[in-house]
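S.K.: The whole structure should be built from the sequences, with the hints applied where relevant.
For the sequence shown, my numbering puts the final residue at 90, and the numbers step up evenly by one.
The reader is advised that the hints may include incorrect statements.
Below, in silico cross-link-like pairs of lysine to aspartate or glutamate (DMTMM-like), each with a Cα-Cα straight-line distance of 25 Å or less [to be verified]: (1) Lys44 to Glu19; (2) Lys40 to Asp74; (3) Lys44 to Asp54; (4) Lys44 to Glu65.
Hints were generated in silico from the structure; no laboratory data involved.
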Amino acid sequence: MFKKIRQLYSFAYANWVEEKLKKCHGVTWRAAIRAAFIQKPILKLSELYSALGDFSKRKDNNHPEARIRAIVQDERYFTRIEKGTYRLAS
1 MFKKIRQLYS
11 FAYANWVEEK
21 LKKCHGVTWR
31 AAIRAAFIQK
41 PILKLSELYS
51 ALGDFSKRKD
61 NNHPEARIRA
71 IVQDERYFTR
81 IEKGTYRLAS
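M.R.: Structure (structure tokens):
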């Protein structure tokens, strides 16, 4: 039951991020990832991948997961909480 609720929440969150990014033209990868942290302050990589799925298709990137990982590993902007889990740097 809880797994199903979690999946529905994750789907709704991904749709919300997608709608926000559709309104922005010329958005950088870093800005798109930061926008994903607006509603949820702590995100796992899998949540970022699903939230930025359509954005990565528009950017014509063959390896979007690698690009997302590279950006969140920049300690100036993001803080690693545990393996595969990040938040915005303070």
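S.K.: Against this structure, judge whether each hint is valid.
M.R.: Hints versus structure:
1. The hinted pair formed by Lys44 and Glu19 meets the criterion: a straight-line CA distance of about 20 Å does not exceed 25 Å.
2. Of the pairs offered as hints, the one joining Lys40 and Asp74 holds, with about 19 Å between alpha carbons and a cut-off of 25 Å not exceeded.
3. The straight-line distance between the Cα atoms of Lys44 and Asp54 is roughly 18 Å, inside the 25 Å bound, and the hint therefore holds.
4. Of the supplied pair hints, the one linking Lys44 and Glu65 holds, its CA atoms being roughly 12 Å apart against a limit of 25 Å.
The structure meets every hint from the earlier list without exception.
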